[in-house]
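Heads up: the sequence shown is residues 1 to 244, going by full-length UniProt numbering.
The hints are simulated quantities; they were obtained by calculation from the structure and are not laboratory data.
Idealized CB from N, CA, C, for every residue including glycine.
Don't take every hint at face value.
[Stated by the list, open to error] The following label-pair restraints were derived from C-beta to C-beta distances:
hint, residue 1, residue 2, range
1, Pro173, Arg213, 42 to 52 Å
2, His221, His129, 38 to 48 Å
3, Asn121, Val227, 40 to 50 Å
4, His203, Glu154, 24 to 34 Å
5, Leu234, Arg213, 20 to 30 Å
6, Asp34, Gly107, 41 to 51 Å
[To be verified] Below, simulated DSSO-like cross-link-like pairs (lysine-lysine); rule was C-alpha separation at most 27 Å, straight line:
hint, residue 1, residue 2
7, Lys38, Lys12
8, Lys38, Lys125
9, Lys12, Lys125
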Amino acid sequence: MAPTASHILSTKFRPPTHLADAIDRPRLTLPLLDSLPKVVLVIAAAGFGKTTLVAQFHARLGANAVWLSLDRNDQDPFTFVRHLIAALNRGQPVVSAATESFVEGRGETLDVGELTIRLANDLEKLEDHRVLFFDDYYLAETPGINDLVHHLIEYASPRLHVVIASRVLPALPIARYRASNRVRELGANDLTFSPSEAQAFLHRTHGLELAPRELDLLVRHTEGWGVGLQLASLFLKHSRDPKD
Numbered sequence: 001m002a003p004t005a006s007h008i009l010s011t012k013f014r015p016p017t018h019l020a021d022a023i024d025r026p027r028l029t030l031p032l033l034d035s036l037p038k039v040v041l042v043i044a045a046a047g048f049g050k051t052t053l054v055a056q057f058h059a060r061l062g063a064n065a066v067w068l069s070l071d072r073n074d075q076d077p078f079t080f081v082r083h084l085i086a087a088l089n090r091g092q093p094v095v096s097a098a099t100e101s102f103v104e105g106r107g108e109t110l111d112v113g114e115l116t117i118r119l120a121n122d123l124e125k126l127e128d129h130r131v132l133f134f135d136d137y138y139l140a141e142t143p144g145i146n147d148l149v150h151h152l153i154e155y156a157s158p159r160l161h162v163v164i165a166s167r168v169l170p171a172l173p174i175a176r177y178r179a180s181n182r183v184r185e186l187g188a189n190d191l192t193f194s195p196s197e198a199q200a201f202l203h204r205t206h207g208l209e210l211a212p213r214e215l216d217l218l219v220r221h222t223e224g225w226g227v228g229l230q231l232a233s234l235f236l237k238h239s240r241d242p243k244d
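Generate coordinates for the entire structure from the input sequences, incorporating the hints supplied.
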């Protein structure tokens with residue numbers, strides 16, 4: 001029995017579509033595509049372009065990627081699991097009807113331990129790599145949600161990969177993932193725009209071209225922060241002096 005449609009918010013499975021003005025950042029996405037780590041953590045404060053970057057990564061993966069945008073309602077394990085199953089079943093359905101019935105039958109008394117065993121067994125059926133994206137993970141994070149996600153990482157098929165975008169480092173056993181070389185981490189320093197990326201952004205958004213010295217000055221002043229560059233680009237439409 002599939003989760004009741006009225007309880008599933010389908011927009012949560014759709015990554016951002018406003019990527020036309022976003023510049024490609026192959027220095028960040030190509031290494032992920034080449035190695036496809038078990039876990040990818042993209043952690044930074046608001047405005048650094050986490051969601052845009054992981055959405056670009058998602059787009060490059062095509063049918064092998066599934067997306068789940070999280071919010072505070074997902075702190076409820078039942079809500080989280082329903083949407084998790086629906087996300088995993090997009091494309092090639094992989095979660096069995098028996099597991100779906102188990103979830104619906106247990107409701108608020110859901111046994112996370114038994115569920116992760118069932119999900120791990122179901123995910124063994126994956127015929128190709130499946131990359132599960134969690135956006136805004138910090139909004140849903142609880143000890144119970146962390147336990148479920150960790151058990152998926154630890155015990156599910158090696159074909160399952162997890163990408164987490166969050167404002168804060170999740171309380172997962174990340175040291176264990178590092179020790180086993182299963183995690184790739186991107187932080188604020190990685191997400192800051194290089195001068196060439198900043199120039200591409202300014203040209204794409206407002207057709208601006210800066211001299212190298214002006215560009216370096218702008219990147220230093222904004223510290224390569226995506227939102228800072230966006231605000232600067234609006235200002236530069238009316239002023240040609242970056243020192244202003």
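Going down the list of hints, with the structure as the test:
At about 47 Å, the beta-carbon gap between Pro173 and Arg213 stays in the expected band of 42 to 52 Å. Roughly 41 Å separates the CB atoms of His221 and His129, a value that falls within the hinted 38 to 48 Å. Take Asn121 and Val227: their Cβ atoms lie about 44 Å apart, and the range 40 to 50 Å holds. Taking 24 to 34 Å as the suggested C-beta distance range, the pair His203 and Glu154 does not conform, at roughly 45 Å.
In this structure the hint that Leu234 and Arg213 lie 20 to 30 Å apart at CB holds, the actual value being about 21 Å. At roughly 43 Å, the beta carbons of Asp34 and Gly107 sit within the given window of 41 to 51 Å. Our distance criterion of 27 Å between C-alpha atoms is met by Lys38 and Lys12, whose separation comes to about 23 Å. With a C-alpha separation of about 17 Å, the suggested pair Lys38 and Lys125 falls inside the 27 Å cut-off, and the hint holds.
Distance hint between Lys12 and Lys125 is fulfilled; the C-alpha atoms sit about 24 Å from each other, no more than 27 Å.
When held up to the earlier numbered hints, the structure conflicts with hint 4 and nothing else.
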